[in-house]
Amino acid sequence: MRFSGKDDIARAWDELARLGVDAVLIWPDSSVFLGEHAQQALRVRLPAISHSSWFATRHGGLLSYGSIGRVSMCGRGARYVNQILRGRPLAELPVEELYEAALVVNLDTAERIGVTLPSALIERADRLIRPGERTLAPTADAHLPAAR
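At position 9 of the sequence shown (counting the first as 1) the number is 9 in my numbering, and the numbers step up by one without a gap.
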């Protein structure tokens, strides 16, 4: 589903609901709108997943599987930039996977949209957000605890 800017997101979610889709994957290129996507998914009661842990932990989305620790990833990237600026040839830089992933399940949102999640999914979660649990503010930048 395409949308053009924040003002068009509600229309896109209305169309997804009208089409009767089962679930929605939020593409990484729309991550600037994670909060808006989470609100609209809740409004139209559609399960949604995003690559960013912020979707579930800070914005109230149902599921996230993907990047955690933006600070860690940025720090690793900064080391690459430092080496390049000091003259190290690109061909000599090691290939490094700059990715740490976690599965976050927001049970509060599941309850609010009326979705029953499989127990196997809940058991595999790196983090569960339980009904009534307060999550971090959208501007916070911290690693996720592995608490269940």
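Source of the hints: derived by calculation from the structure; they are not laboratory data. Ideal placement from N, C-alpha and C gives every residue a C-beta, glycine not left out. A few of these clues could be false.
[Unchecked claim] So the derived label-pair ranges between C-beta atoms look like this:
(1) I84 x S119: 43 to 53 Å
(2) E92 x G20: 47 to 57 Å
(3) N82 x L117: 21 to 31 Å
Do the hints match the structure? See the list:
The hinted window of 43 to 53 Å between I84 and S119 holds, with their beta carbons roughly 48 Å apart. Roughly 53 Å separates the CB atoms of E92 and G20, a value that falls within the hinted 47 to 57 Å. Separated by about 43 Å at the C-beta atoms, N82 and L117 break the suggested range of 21 to 31 Å.
Comparing the model with each numbered hint stated earlier shows that hint 3 is the single one that does not hold.
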